[in-house]
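A.B. asks: Sequence:
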Amino acid sequence: MQDLKGLFLAAAILALAACGRERAQPSTPAGVAATTTLDFAHVANYAAPPLPTYFDGTVAALDNSPASNPIDDRVATLGRVLFHDLRLSTNNRASCAACHQQRFGFTDPMRFSNGISTAGTTDFHAMRLGNLRYWQPGTTFWDRRVADAEAQASHPLHSLVEMGWGENMGGIEGLIRKMSATRDYPELFAWAFGSATITEPRIQQALAQFVRAMVSHDSRWDTGYAQVFSATAPNRALDVDLPNFTPEENRGRHLFMAAVDKGGAGCAACHLPPTFALAANARSNGLDTGETRLFKAPSLRSVGLTGPYMHDGRFATLAEVVDFYASGVRDGPALDPRLREGDEPRRLNLSAADRAALVAFLKTLDDPVLATDPRFGDPFRR
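Letter by letter, the sequence shown follows residues -24 to -1, 1 to 358 of mature numbering (1 follows the signal peptide of the UniProt record, and there is no 0).
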């Protein structure tokens, strides 16, 4: 009988311990609760969201996430705060989200973006961010000048036009002093990293994790492709008509997916489905005669949500973009060989109907879920 009582007592102690563990969910500190809507007890899933079956090993091989910075839900949540925070600029006027606006596919409808002042603008058009993680070289910016998303995160902070932390404003140390003086950032960094210390590498880690978590897979194209996908089908069934498409959209899909020698426009050779990120070996697209720079392009996901297009925003509409690839590619040392035919830039024989069909297809890549997903939205109480 005594042994039985002991067993009951041990079970009761274990049950109380389990309840204690359940109650021990972290509560949101007062500083964080005062400025944001974050709930530390219910953290958004950034590290392992459910993905379609066709985001398989073939796609995973393209992931540029470094082993040193795997996505962690807490750190990515900190990245969300950093991304949307106007206080990261010198005058509380600019944030990453000011130029990379969620409802527009994380780009800017302006040709060039303002930062801390309307007196200055960026040199390049703001890039879309969806599926950034599937650009295998991992380099960032249109001209590929930075090695990875971690290093990229610092550039807008240091920019005199964007966030303003030049040497005259104290540089990154000035920003860290400003952040350390807030109620919420020491709490956020302690929660994400285990200590309240704010450093530039930690800022870089959090922002890089947040933007890499922006995986786009909820377009009309995805809805249709999920119904026909087969890993063992020829070309993974990419050139199969999609049941939810109009005839025009399926014509545009065929033109996009099929090689030129098979009656297509060959677009998928550089813009790789299902991520529609750029191929690792892609070169430049011949925007200007004699171009020597190697440009990159963002994923085509949500490309229809807003213009303008190209690194300098020179094209206002997708129709202009299609017209350019059909008949306007210019020769130069950096031109991608897939845009050549012999020694000359390729000229596609596309009718007006085919050009319109390509535009119609590109718009099926728009992702309304990513454009409204609260995981990537503004967390601040404004």
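Note that these hints are calculated values from the structure, not bench results. Treat the hints with care, as some may be off.
[Said to hold, decoys possible] Below, a list of computed lysine to any residue pairs in the SDA-like style, where the Cα atoms sit at most 20 Å apart:
| no. | residue 1 | residue 2 |
| --- | --- | --- |
| 1 | 339 | 227 |
| 2 | 238 | 256 |
| 3 | 238 | 167 |
| 4 | 154 | 123 |
| 5 | 238 | 154 |
| 6 | 339 | 234 |
| 7 | 339 | 309 |
| 8 | 238 | 268 |
| 9 | 339 | 314 |
| 10 | 339 | 292 |
| 11 | 238 | 216 |
| 12 | 339 | 282 |
| 13 | 339 | 238 |
[To be verified] If you anchor each label on the Cβ, the simulated ranges turn out as follows:
| no. | residue 1 | residue 2 | range |
| --- | --- | --- | --- |
| 14 | 303 | 209 | 32 to 38 Å |
| 15 | 206 | 24 | 21 to 27 Å |
| 16 | 99 | 172 | 22 to 28 Å |
| 17 | 256 | 6 | 24 to 30 Å |
| 18 | 46 | 320 | 19 to 25 Å |
| 19 | 209 | 121 | 38 to 44 Å |
| 20 | 325 | 265 | 21 to 27 Å |
| 21 | 127 | 304 | 46 to 52 Å |
| 22 | 328 | 99 | 31 to 37 Å |
| 23 | 99 | 2 | 40 to 46 Å |
| 24 | 211 | 296 | 26 to 32 Å |
| 25 | 175 | 296 | 27 to 33 Å |
| 26 | 93 | 211 | 24 to 30 Å |
Computed from a prediction, not measured in an experiment: that's the story for all the values here. Where is the CB? At the ideal position from N, CA and C, for every residue including glycine.
A.B. asks: Just pull the numbers of the violated hints for me, sorted ascending.
C.D. replies: 2, 3, 4, 5, 7, 8, 9, 13, 16, 17, 18, 21, 25 and 26
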